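Student: Sequence:
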Amino acid sequence: MEILVGPTHSLLTPPVLPARKNLKQSAITNQKVSRSGEERRFFFSPSSISVEGMESVCRAAQFSSKPTSPTILLSLQTKHLIRAQKGWARSFPASPRRASPNRTVVAASYGNNNRDHDAVRERNSIGKTVVAVSAAVAALVSVYFSDPPPSFAESLTVAFPVSRAREVNTVQRTLVEAWGLIRETFVDPTFNHQDWDSKLQQTMVEMFPLSSSDAAYNKIRGMLSTLGDPFTRIISPKEYQSFRIGSDGNLQGVGVFINLEPRTGRLVVLSCIEGGPAARAGVQEGDQLIEIDGQRLDGIDSEVAAQKLRGRVGTSVTMKLSSKDSGSDSSTREVKLSREYIRLSPISSAIIPHRTPDGRLAKTGYVKLSAFSQSAATDMANAIQEMERQDVQSYILDLRNNPGGLVKAGLDVAQMWLDGDETLVNTLDREGNMQPINMVDGHAITHDPLVVLVNEGSASASEILAGALHDNGRAILVGHKTFGKGKIQSVTELHDGSALFVTVAKYLSPALHDIDQVGITPDVQCTTEDVLREYYSSQLKNNNKNSKEYASLEADSCIMVAEHELDIQESRGTAS
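For the sequence shown, full-length UniProt numbering gives the first residue as 1, with consecutive numbering after it.
Read the hints as simulated data drawn from the structure, not as lab findings. Keep in mind the model is a prediction, meaning the values are calculated, not measured. Please note: incorrect hints may appear among the correct ones.
[Stated by the list, open to error] Below, a list of computed lysine to aspartate or glutamate pairs in the DMTMM-like style, where the Cα atoms sit at most 20 Å apart:
1) K408 <-> D419
2) K308 <-> E334
3) K238 <-> D556
4) K408 <-> D421
5) K481 <-> D556
6) K408 <-> E493
7) K238 <-> E274
8) K487 <-> D229
9) K320 <-> D301
10) K308 <-> E291
11) K363 <-> E334
Model the full structure from these sequences, guided by the hints.
Tutor: In structure tokens form, the structure reads like this:
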């Protein structure tokens with residue numbers, strides 16, 4: 001437990017506290033005292049500290065001189081505010097008229113390590129403020145600005161009145177965590193030209209009388225919306241679980257992708273993971289999902305249904321399905337599936353054979369990267385190495401409709417195509433400081449010619465990767481202008497299982513091109529001219545390959561343009 005002692009900046013109104021006649025006595029252990037101006041810090045064993053114990057602490061700290069301003073002690077364990085004056089400590093008097101069991105003051109904090117932001121269990125490492133909120137008016141009553149000594153981590157603790165609704169109280173702590181993280185890390189230090197401390201006060205006042213967590217979360221979302229940044233947001237615990245599945249690339253389930261069909265409003269199977277339980281049971285693309293474990297799915301969205309299909313490995317789930325384009329009862333069937341570990345790979349690849357202008361049969365390695373998950377770099381390396389063993393002469397990297405993901409994964413993929421100590425991206429922090437991120441003694445897996453496909457759905461880490469390969473002269477970009485998301489977010493799991501996304505930096509390409517709200521314009525636009533389509537389609541069909549395997553690639557005009565650009569690179573000898 002940490003107790004902060006220091007001069008207050010202002011004292012507007014004392015907080016309302018419950019009467020505490022029988023405070024638990026406990027020994028003071030591991031006492032440490034440090035001084036920076038009027039500040040004292042004390043660390044105790046994690047048990048309740050009595051008022052008498054507080055008095056002993058003040059005497060032990062030799063706090064005998066009269067402070068020039070009132071001093072607040074905040075105990076996270078006892079949730080008790082003490083005023084230290086004239087060398088001793090006494091309780092803040094609670095007004096008899098306003099004291100209530102429902103008006104207990106509790107505390108929450110936040111930190112910047114992106115690992116644990118549960119204030120009551122851990123001392124955290126950000127901030128320089130102690131804020132107490134009155135239950136009556138939920139107003140800030142004290143602000144502490146003294147810089148702590150270097151031997152102790154900085155911390156911020158906010159005390160606030162407990163809501164009468166337990167689920168709202170949980171979200172109150174989440175509000176403090178979110179507010180604090182944004183206060184210290186948001187890319188715009190003006191917070192969209194507003195007083196961010198006042199936003200906490202306002203939101204706490206609005207949240208206090210609420211009765212549901214959904215309504216309380218909406219207040220946090222409203223506070224975040226005032227920042228003017230759509231990428232700084234909070235998601236619920238269930239939404240965060242889905243996000244983790246997407247970024248981790250692993251889940252426990254049956255290996256089926258489902259979505260709500262907008263025309264009929266029914267849940268349909270988009271696809272099955274090859275070799276997964278659903279695929280082995282004969283579940284087909286387009287099958288309608290009617291029931292899960294006997295529960296009808298009318299009015300249930302795809303995320304809720306997906307949650308029902310997931311579960312611990314070895315457990316089973318029963319799906320009732322209706323075959324595609326058939327509505328008769330006889331077409332419905334039930335399949336019982338055993339849940340397994342399902343690995344989601346963001347990589348799909350193929351080798352495209354084609355005739356070069358001089359008549360040679362060449363092989364182009366095609367790699368589609370759908371998202372930047374934790375497994376993206378490993379899967380990409382495996383795909384490239386396998387195609388290298390099959391003697392491909394060129395590559396197409398398809399980033400179309402890739403919304404981004406983990407920035408580190410994007411940087412790791414870039415290094416597979418580049419050598420040396422090239423700059424991959426430049427970051428711009430809230431203070432305006434630019435920091436290049438460079439490779440260190442990089443070694444590309446391949447030096448074969450490369451074309452990168454992009455479009456308006458290529459965003460964030462996709463744009464970082466495309467910019468790194470283009471500005472370093474490694475690849476030609478083909479397609480359409482990218483989305484233009486030149487911001488980087490941190491993702492922090494909060495104490496209640498929700499997650500906060502905070503924009504912490506902007507990025508510029510290696511050539512210092514600003515991408516945010518601008519995008520990247522490709523070197524060559526895709527074209528759908530019939531002559532070009534017919535020419536390259538005929539080139540692909542002349543190869544003795546399964547036409548079904550390459551049907552979608554044959555019909556893709558951007559891949560045709562990419563093949564043409566690769567031929568030009570080879571003929572000019574410009575391949576890096």
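Student: Regarding the pair K363 and E334, is the alpha-carbon distance no greater than 20 Å?
Tutor: Not OK: K363 and E334 at ~44 Å, beyond 20 Å, violated.
Student: With a cut-off of 20 Å on the C-alpha distance, tell me whether K308 and E334 pass.
Tutor: Distance of about 16 Å is within 20 Å: holds.
Student: What's the verdict on K408 and D419, does the C-alpha distance respect the 20 Å limit or exceed it?
Tutor: holds (18 Å)
Student: Mind checking the alpha carbons of K320 and D301 for me, to see if they're no more than 20 Å apart?
Tutor: holds (16 Å)
Student: Given the proposed pairing of K408 with D421, does the C-alpha separation stay at or below 20 Å?
Tutor: holds (17 Å)
Student: With the threshold set at 20 Å, check whether the alpha-carbon distance from K481 to D556 stays at or below it.
Tutor: holds (17 Å)
Student: Could you grab the alpha-carbon distance between K238 and D556 and see if it respects the 20 Å cut-off?
Tutor: Cα-Cα ~37 Å, so violated.
Student: Starting from K308, check that the Cα of E291 is at most 20 Å away, please.
Tutor: Judged against 20 Å, a Cα distance of about 10 Å means the pair holds.
Student: Would you mind confirming whether the straight-line C-alpha gap from K487 to D229 stays at or under 20 Å?
Tutor: holds (10 Å)
Student: Taking 20 Å as the top limit, are the C-alpha atoms of K238 and E274 close enough?
Tutor: violated (26 Å)
Student: Run the distance test for K408 versus E493: straight-line Cα separation, threshold 20 Å.
Tutor: Holds: K408 and E493 sit about 18 Å apart, inside 20 Å.
Hint check: violations occur at hints 3, 7 and 11; the rest are consistent with the structure.
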